[in-house]
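Engineer: So the sequences go chain by chain: A and B.
Read in our numbering, the first sequence has 121 at position 121, and its numbers run on one by one without any break.
One gets our numbering by counting positions in the second sequence from 1 and adding 1000 to each.
What the hints contain is simulated information worked out from the structure, not anything from laboratory work.
Built from N, CA and C at the ideal position, the CB exists for glycine as well.
Do not rely on the hints blindly, as some may be mistaken.
[To be verified] With a Cα cut of at most 30 Å, we get these calculated DSSO-like pairs of lysine-lysine:
| no. | chain 1 | residue 1 | chain 2 | residue 2 |
| --- | --- | --- | --- | --- |
| 1 | A | LYS34 | B | LYS1075 |
| 2 | A | LYS75 | B | LYS1131 |
| 3 | B | LYS1034 | A | LYS131 |
| 4 | B | LYS1034 | B | LYS1075 |
| 5 | B | LYS1131 | A | LYS131 |
| 6 | A | LYS131 | A | LYS75 |
[To be verified] Here are some chain A residues pointing at chain B (derived, C-beta under 7 Å):
| no. | residue |
| --- | --- |
| 7 | ALA55 |
| 8 | PRO59 |
| 9 | PRO94 |
Protein chains: 2
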Amino acid sequence: MFLQPPDPELADRIAAVVERWGGAFEVVPTDDWKSTVRSFDGPVVHLTMYGLPLARVVPRLARAERVLLVVGGAKVPADLYRRSTLNVAVGHQPHSEVAAVAVVLERLLGLPGPRRLRGARQVIVPQARGKRVLTGRGRT
Amino acid sequence: MFLQPPDPELADRIAAVVERWGGAFEVVPTDDWKSTVRSFDGPVVHLTMYGLPLARVVPRLARAERVLLVVGGAKVPADLYRRSTLNVAVGHQPHSEVAAVAVVLERLLGLPGPRRLRGARQVIVPQARGKRVLTGRGRT
């Protein structure tokens, strides 16, 4: 995840989650989102309620090798609407940006199964009730 | 949405969004989540990364007439794990609770199309670039 403005405390918190739960998630600070967007090799998809319905663009996105999803805060620079390959709406009324990213990921990649992510120190064993966690770097 | 503890400011903000964009979304304050859960007529689904994979329970949830989704904050009372009909995981590593609710809604109800919600004062016309909004209570 590219993050502007940089937030070292958030980056550290994410790194601590990755250390425990594994995976390749990383926060890359940037001071220049325009350059990040310009140099990206693939469709740049700005998630905004003003965009095209997600269902209509999923096939196109699914064919791309890499996709850059862009979400803005309360004040989105008008430039972002122009510099994106596509403006895409997960919903057409106000909604959470975090939720928008999650729904797009689910549509493109499916639901994450209960697998151990690479480098995990612990892994969950799904339960209808209660919690079960296996620790250690072994395979499940 | 039942909300404990009550947050009148949040309820007001949601009401203002509904006034503009339409829909039936409402925040109902509660001081007693156990009674809300106990009196609900349908499956109570606690969303937690420790639960059963969502994909496995979607068919069961889709058959229910009403479903109560429950998400907790940082400290989830242990009681909630026992009082739920099912503990269900959208992902099996730490993730946003808001994202979890969004993914479940999308799986159960599909993506929201660009339709006018009941009572809307304005409605979005989806665009690949820029913003287009129609105002007025007429039909689109």
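Engineer: Against each hint, give a clear statement of whether it holds in the structure.
Structural biologist: Verification of the hints:
no.	hint	verdict
1	A/LYS34 x B/LYS1075	39 Å, violated
2	A/LYS75 x B/LYS1131	14 Å, holds
3	B/LYS1034 x A/LYS131	20 Å, holds
4	B/LYS1034 x B/LYS1075	16 Å, holds
5	B/LYS1131 x A/LYS131	46 Å, violated
6	A/LYS131 x A/LYS75	40 Å, violated
7	ALA55	5 Å, holds
8	PRO59	14 Å, violated
9	PRO94	5 Å, holds
Checked against the numbered hints above, the structure breaks hints 1, 5, 6, 8 and satisfies the rest.
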